[in-house]
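K.L.:
Protein chains in written order, with the working numbering: chain A, 1 to 142; chain B, 1001 to 1136.
Because the hints were derived from the structure by calculation, they are not lab data. Cβ atoms here follow ideal geometry from the backbone N, Cα and C, with glycine treated the same way. Mixed in with the good hints, there may be bad ones.
Stated by the list, open to error - Listed below are several chain B residues computed to face chain A (Cβ distance under 7 Å; list not exhaustive):
id, residue
1, Ala1012
2, Gly1022
3, Val1046
4, Val1051
5, Pro1083
6, Leu1086
7, Leu1091
8, Val1094
9, Gly1095
10, Glu1116
11, Ile1118
12, Met1128
13, Val1133
What follows is each chain in one-letter form.
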Amino acid sequence: MENFTPYSSLAGGILIGISASLLMYLNGRIAGISGIVNGIMNTSSFKEKAWRLAFIVGLISGAFVYAYFFPSSVEPREHVTTGLLVAGGLIVGFGTAMGGGCTSGHGICGISRFSLRSITATMVFLLSGIITVYVVKQLVGA
Amino acid sequence: MAKAFSALLAGAFFGVGLALAGMVDPNKVINFMDITGNWDPSLMFVLGGAVIVTTIAYRFIFAQGKPLFEGDFQLPTMLKLEPKLLFGSSLFGVGWGLIGYCPGPALASVGLRPDEPIIVVVSMLAGMLLYRVVSK
């Protein structure tokens, strides 16, 4: 547990909660990233596309500005090849579209609405992620 | 315009939150799922902090009856736990565990590193489109 960061992670979580609350208070929308992104490709309404794109621009800029002031690096991962990234990305996109949400939409907004579907989805993807990481570690031998 | 600006603002909070929480580092995310190895429980604090704030705020927001810039709240109406939800979520977990990126952190990392995130984001978009084609 040498990389445990309870304070910054809690603070980051609180900011994410403020984000989800703002989007509901102002626009009446769930702050689910997969849903927001999927909706850009799914709608022909300009207004729908506009707020969704604006959210993504804000998301990317917010992280960029934070990293500008507090830079950090990511340790390179040998077994994560381009092929694995493509496969993983495809599965994440397909799975979140099929399951109707990801960590933010189901995990944060859904649980906060006490949605049985979201609570179930969150337990399912957490469990499946844990199993996957376990299997990968056995295969890679790390 | 107001709606796009509020989405931009909410997105910025989300992006800063993910970066501050350390969720833009896929190694940290994978360590959270590595419960039998080098476990890092930080992500529970991210989820916990976000859920506590959102649960409390939603109560007040829904009590207002309607959002500020829209006629209605747009909430999911489906209640059934259908196979699609379970199968889709299991798949998502597999992808998440393989690479350590879920949709939010993948997008938020696009401006931080030139290599992994853009590959993940493009593949993720392709996966979403693929599902749309397959599900028709």
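K.L.:
Hint by hint, say whether it matches the structure.
P.N.:
Hints versus structure:
{"no.": "1", "hint": "Ala1012", "in the structure": "holds (4 Å)"}
{"no.": "2", "hint": "Gly1022", "in the structure": "holds (6 Å)"}
{"no.": "3", "hint": "Val1046", "in the structure": "holds (4 Å)"}
{"no.": "4", "hint": "Val1051", "in the structure": "holds (5 Å)"}
{"no.": "5", "hint": "Pro1083", "in the structure": "violated (10 Å)"}
{"no.": "6", "hint": "Leu1086", "in the structure": "holds (6 Å)"}
{"no.": "7", "hint": "Leu1091", "in the structure": "holds (3 Å)"}
{"no.": "8", "hint": "Val1094", "in the structure": "holds (5 Å)"}
{"no.": "9", "hint": "Gly1095", "in the structure": "holds (3 Å)"}
{"no.": "10", "hint": "Glu1116", "in the structure": "holds (6 Å)"}
{"no.": "11", "hint": "Ile1118", "in the structure": "violated (10 Å)"}
{"no.": "12", "hint": "Met1128", "in the structure": "holds (4 Å)"}
{"no.": "13", "hint": "Val1133", "in the structure": "violated (10 Å)"}
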